[in-house]
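A.B. asks: Chain residues, written in single-letter form:
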Amino acid sequence: MKPLLLLGLAVLVVLQGTWLPHVRVAGVMPDAVLVVLSSWALLAGGVAVAPLAAAAGVLLDLIAGAPLGLSAAALLTAILCVGWWRGTVFFTGIGVFVVGAVVATLAYDATLLVGLQSLHDPINWRTALRQVVGPSALFNGLLALPVGYACSALARRLGTLDSVAHLRAG
Amino acid sequence: MRLQRLIRWVSILLIGAFGLVALDTLQLDRHYQIAGETLLAPFTWAAAVIGDDVAGTWQSISAIGQLEQENRQLRAENARLAQQNLQLQAAGQVNGTLRQLLDYKQAHPEHQYHPAAVIARGTNNLEAMLTIDQGSGDALRLGMAVVDAGGLVGQITRLAPHAAVVTPVDNAGSAVAVYVAVAGGTDKTDPSGIVQYEPGSGLLLKFVQATAPLQPGAAVLTSGLGGTFARDLPVGRIGRVQQSPVALFQMALVTPAADLQNDQQVLVVTDFVPQPLPGVTP
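Top to bottom, those sequences are chains A and B. Note that my numbering has the first sequence beginning at 1, numbered continuously upward. Note that my numbering has the second sequence beginning at 1, numbered continuously upward.
Chain A with its partners taken away, still in its complex shape:
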């Protein structure tokens, strides 16, 4: 993995904990790290991105002061789900990234909710899904449009795209 990519991911993780919480639409902030990793997982495969997801998750927890490992577990689950889903993809184009981001958000937030419920009190899942997870999935899906294009271009440049040529966007 190129060191510059790792540096870029580290910067994104820092932004996720400092600047992005102020960028809220309908009460939710974008999960930029999740969207980038899910887009990359669609291009390079879930297993290939898993170590990055784990590292980014630990960094996210360290920055936020959240229970260590929770974000790593949630990101890993999301990335592996996207990797699995990628094998079932039957359509092409940028829409793959959008649906991938939605799938990743659902898996990510569901894992977080399970973690929070095990750490704290029972959670009203219906309300959480309607008020937080749904809007978040939509927001991340929209964010996946530019991120997917950018990741595709980067992957083409780095030659990472050979195994999933059918996912080429644009």
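I should point out that these hints are in silico values taken from the structure, not numbers from a laboratory. Please note: incorrect hints may appear among the correct ones.
Stated by the list, open to error - Selected chain B positions facing chain A (in silico; Cβ < 10 angstroms):
#1 125
#2 128
#3 171
Idealized CB from N, CA, C, for every residue including glycine.
Given chain A, work out where chain B should sit, using these hints.
C.D. replies: The following block gives chain B in isolation, referenced to the frame of chain A:
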């Protein structure tokens, strides 16, 4: 031959010139002069206008270099002023926040406070967290309450020498013992309960007796029960109340007093450190 002709012409011109001088001296040529000026006026006017234009154009051409330099200077000045303006706006915002914190401090003089800046926040939509730039090296301790200009933000749950993690009241793991200030109520009759956060629902006031009078808009304050928070820190105001005729407890939405999503500067209440209850391990 040729010289003679020249001398003759010069003589004629000289005589003519002297003649004109004589006419002018005697003011005998006034009518001719006026007629001449009238006839020549349009030409002199046109010549003057053209001359002015030419002179102006020439001046403009010669000033282009100077204007370019002046333009560069003005652009640089403009950029500097715009940057200064942004800095002033940011400073104004910080100043406004600090002024509000000072107001809070003056309105609640019963506690001692330590200022801190928020440097990081929760990284997902389900678990809010805050990190502040002060820690154990600044005499902060675990369990100290954090407030902003509106009221209670949360409680310090993790400490480093120069940073502290605050679990805000809008975290699913937070639980604050509160009472509702009812008009005309006393300490014994004010309804009490627990404020907890539920993802998607917001802050909820739970475990309030079904018969207790809960009015929307009533202030919710920390009760100090359990020794986790100092008493009378503002938590929020009652919103919608949910009652059921068969339930033992009623529930209410609470609008937080603190600006939980936009806090930049906060105060740590330093004169109250919760003590662990005997026999209870944290």
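A.B. asks: It remains to establish, for every hint, whether it holds in the given structure.
C.D. replies: Hint check:
1. 125: Cβ of residue 125 of chain B sits 5 angstroms from chain A, so the hint holds.
2. 128: holds, 9 angstroms
3. 171: Result: holds, 8 angstroms to nearest chain A Cβ.
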